[in-house]
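> Residues per chain, in single letters:
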Amino acid sequence: MRIGLDVSSIQHLRLRDYAVRFVFGGIVTVLTGLIARRYGPGVAGLFLAFPAIFPAGATLIEKQQREKKRRVGLDGTSRGRVVAGIDAIGAAMGTLGLIAFALLAWRFLPSHSSPAILTIAGLAWLAISVLAWLIRKVIKKSNAARRRKVT
Amino acid sequence: MDELIFRFLIGGTLVSAFALIGDAVRPKSFAGLFGAAPSIALATLGLTVATEGRDYAAIEARSMIAGAIAFFVYALIVSKVMIRYKPPALVATSELMLVWLATAFGLWFVWVR
Numbered sequence: 001m002r003i004g005l006d007v008s009s010i011q012h013l014r015l016r017d018y019a020v021r022f023v024f025g026g027i028v029t030v031l032t033g034l035i036a037r038r039y040g041p042g043v044a045g046l047f048l049a050f051p052a053i054f055p056a057g058a059t060l061i062e063k064q065q066r067e068k069k070r071r072v073g074l075d076g077t078s079r080g081r082v083v084a085g086i087d088a089i090g091a092a093m094g095t096l097g098l099i100a101f102a103l104l105a106w107r108f109l110p111s112h113s114s115p116a117i118l119t120i121a122g123l124a125w126l127a128i129s130v131l132a133w134l135i136r137k138v139i140k141k142s143n144a145a146r147r148r149k150v151t
Numbered sequence: 001m002d003e004l005i006f007r008f009l010i011g012g013t014l015v016s017a018f019a020l021i022g023d024a025v026r027p028k029s030f031a032g033l034f035g036a037a038p039s040i041a042l043a044t045l046g047l048t049v050a051t052e053g054r055d056y057a058a059i060e061a062r063s064m065i066a067g068a069i070a071f072f073v074y075a076l077i078v079s080k081v082m083i084r085y086k087p088p089a090l091v092a093t094s095e096l097m098l099v100w101l102a103t104a105f106g107l108w109f110v111w112v113r
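Which chain is which? The protein sequence lines are A and B, in order.
Per this note's numbering, residue 1 is the first one in the first sequence, and the count goes up by one each step.
Per this note's numbering, residue 1 is the first one in the second sequence, and the count goes up by one each step.
Hints were generated in silico from the structure; no laboratory data involved.
All C-beta atoms, glycine included, are put in the ideal place defined by N, C-alpha and C.
Just so you know, nobody snuck in bad clues.
Distance condition first, Cα-Cα at most 30 Å in a straight line; then the derived BS3-like pairs of lysine-lysine:
| no. | chain 1 | residue 1 | chain 2 | residue 2 |
| --- | --- | --- | --- | --- |
| 1 | B | 80 | A | 68 |
| 2 | B | 80 | A | 149 |
| 3 | B | 28 | A | 141 |
| 4 | A | 149 | B | 28 |
| 5 | A | 63 | B | 80 |
| 6 | B | 80 | A | 140 |
| 7 | B | 28 | A | 140 |
| 8 | A | 141 | A | 69 |
| 9 | A | 140 | B | 86 |
| 10 | B | 28 | A | 137 |
| 11 | A | 68 | A | 140 |
| 12 | A | 69 | B | 86 |
| 13 | B | 80 | B | 28 |
If you anchor each label on the Cβ, the simulated ranges turn out as follows:
| no. | chain 1 | residue 1 | chain 2 | residue 2 | range |
| --- | --- | --- | --- | --- | --- |
| 14 | B | 6 | A | 3 | 28 to 36 Å |
| 15 | A | 40 | B | 9 | 23 to 31 Å |
| 16 | B | 110 | A | 34 | 24 to 32 Å |
| 17 | B | 101 | A | 123 | 23 to 31 Å |
| 18 | B | 2 | A | 141 | 48 to 56 Å |
| 19 | A | 3 | B | 101 | 30 to 38 Å |
| 20 | B | 50 | A | 15 | 28 to 36 Å |
| 21 | B | 106 | A | 79 | 33 to 41 Å |
| 22 | A | 151 | B | 109 | 44 to 52 Å |
| 23 | B | 91 | A | 68 | 16 to 24 Å |
| 24 | B | 111 | A | 27 | 25 to 33 Å |
| 25 | A | 14 | B | 2 | 30 to 38 Å |
Every beta carbon over 10 Å from chain B, so not counted as near; a handful from chain A, in silico:
| no. | residue |
| --- | --- |
| 26 | 71 |
| 27 | 73 |
| 28 | 135 |
| 29 | 141 |
| 30 | 148 |
| 31 | 150 |
Bound conformation, chain B alone (with noise of 0.2 Å):
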C-alpha cells in the first residue's frame, strides 16, 4: 500500500511539474512538446529499477516505445481534427484515445510480445 501511495504521490508530482512548464513556455506548438514529456516514464522506471531491478525496467522501457509511437499517430490525428473541424477539445481527445490504444496494442502484439 504504501508503494502505491508513494508512486501515486511521485507520478502527479513529476505529471504537475513538467505541466506547469509547459503552461509557462510560448508559443503554443512548442509549449506542446511537454504534453509529451516522459512524466509517468520517470516516475516508474526509477521506481521499477529500485523495486524489480534494471532489466524488468528495461523490458518496460522496450514496450515504452511502442506506446511512445501510439502517442506519435494520437496527437497527429488529435490536431489534424481539431483544425479541421473543431470539435469540443475533451471529446476529440478521450473518443480518438481508442486510436492510441489500437495503435499500442497493434504494435505490442506484433513487434514487442
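So here's chain A without its partners, still in its complex pose (with noise of 0.2 Å):
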C-alpha cells in the first residue's frame, strides 16, 4: 500500500477527540516540568519520551475502524483491534527515531545553536523513522515471497 494522506479520515472525528489529546499533551508537558523541579532533570528527561496519548490514539483507532465495518453491517471489533495493533507497530519504527532525536539533542544541544538543533532532530526523528519503516517492509515483503516459494 502506498504512503498517502486520507483527509476523510479527519472529518469523521469528534471536537472532543481532538480535546482530549490536547489534554492529555498538555498535562504531561506540565508534569515533565514538574518532575524536573521535584526530582531534576535526569528522571524527568524519561518522560520526554512517554507514550502519553498513544492509548487515547489506539482506543481511536479501534473504534474508527470498529464503526466502518458496522457501516457496512459486520462487527469490527475484532478488526478494530488488529488496526490498533498495527498502528502500533509503526509507533515502534518512529521510536527509533525518537532515539536519534534524543541522541542529537544530547550531544548537539550544550554547544550548538538551540532552534536548529531542535530542527534538525526533527528531521531525524522523520528520516529514520520513514527509513526504519520502509526497511520492515521490504523485509515483510521478501519474507512473504520466500514463504510462497516454499509452498
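Once you've looked at the hints, go ahead and assemble the two chains, each given alone in its own frame, into the complex.
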C-alpha cells in the first residue's frame, strides 16, 4: 500500500477526540516540568518519550475501524483491535527516530544553537522513522515471497 | 503559574498537531510513526533551554534515550498483544504502560543515573 493522505478520516473525528489529545499532551508537558523541579532533569527526561497519547490514539483507531465495519453490517470489534496493533508497529518504528532525536539533542544542544539542533533532530526523527518503516516493509515482503516459494 | 499554563498550551498544541498528521496519513502502520513523534520533547526542550539553559536540557535529552528505548519495547509488546489476543485497546495500552515504566526506570537506574 502506498503512502498517502486521506483527509476524509479527519472529518469523522469529533471535537472531543481532539480535546482529549490536547489535554493529555498539555498535562504530560506540565508534569515533565514539575518532575524536573522535584526530581531533577535526569528523571524528567524519561518522560520526554512517555507514550502519553498512545492509549487515546489506539482507542480512537479501534473505535473508527469498528464503526466503519458496522456501517456495512459487520462486527468490526476484532478488526478494530488488529488495526490498533498495526498502528503500534508503526509507533515502534517511530521510536527508533525518537532515539536518534534524543541522541542528537544530548550531544549537540550544549554547544550549538538550540533552534537549529531541535529542527535537525526533528528532521532526523522523520528520516530515521520513515527509513525504519520502509526497511521493515521490504523485509516483510521478501519473507512473504520466500514463504510462497516454499509452499 | 504562567509558565505552567504556557507549557500546557504548547504541549497540547504540538501533540495535537502530530496526532492530526497521523490521522490523515495512510497506511495505518505508517500513520503509527506519528504516535511516537517528538511532540512533548520539542515542547519541553525548547522551554527548558529558555529557562534553565542548554546543559540542563542536554541532561533531559540523555534520559530521553532511555525513555525512547522503553517506548520501543512497549509499542512492540502492545502490537503483538493486540494482534494475537485482540483485547480492548484501552485495556492493553494502559496496563502495558507498566512495561514502559519498568524499562525506562530500569535503564535509567543501570545506565543514566
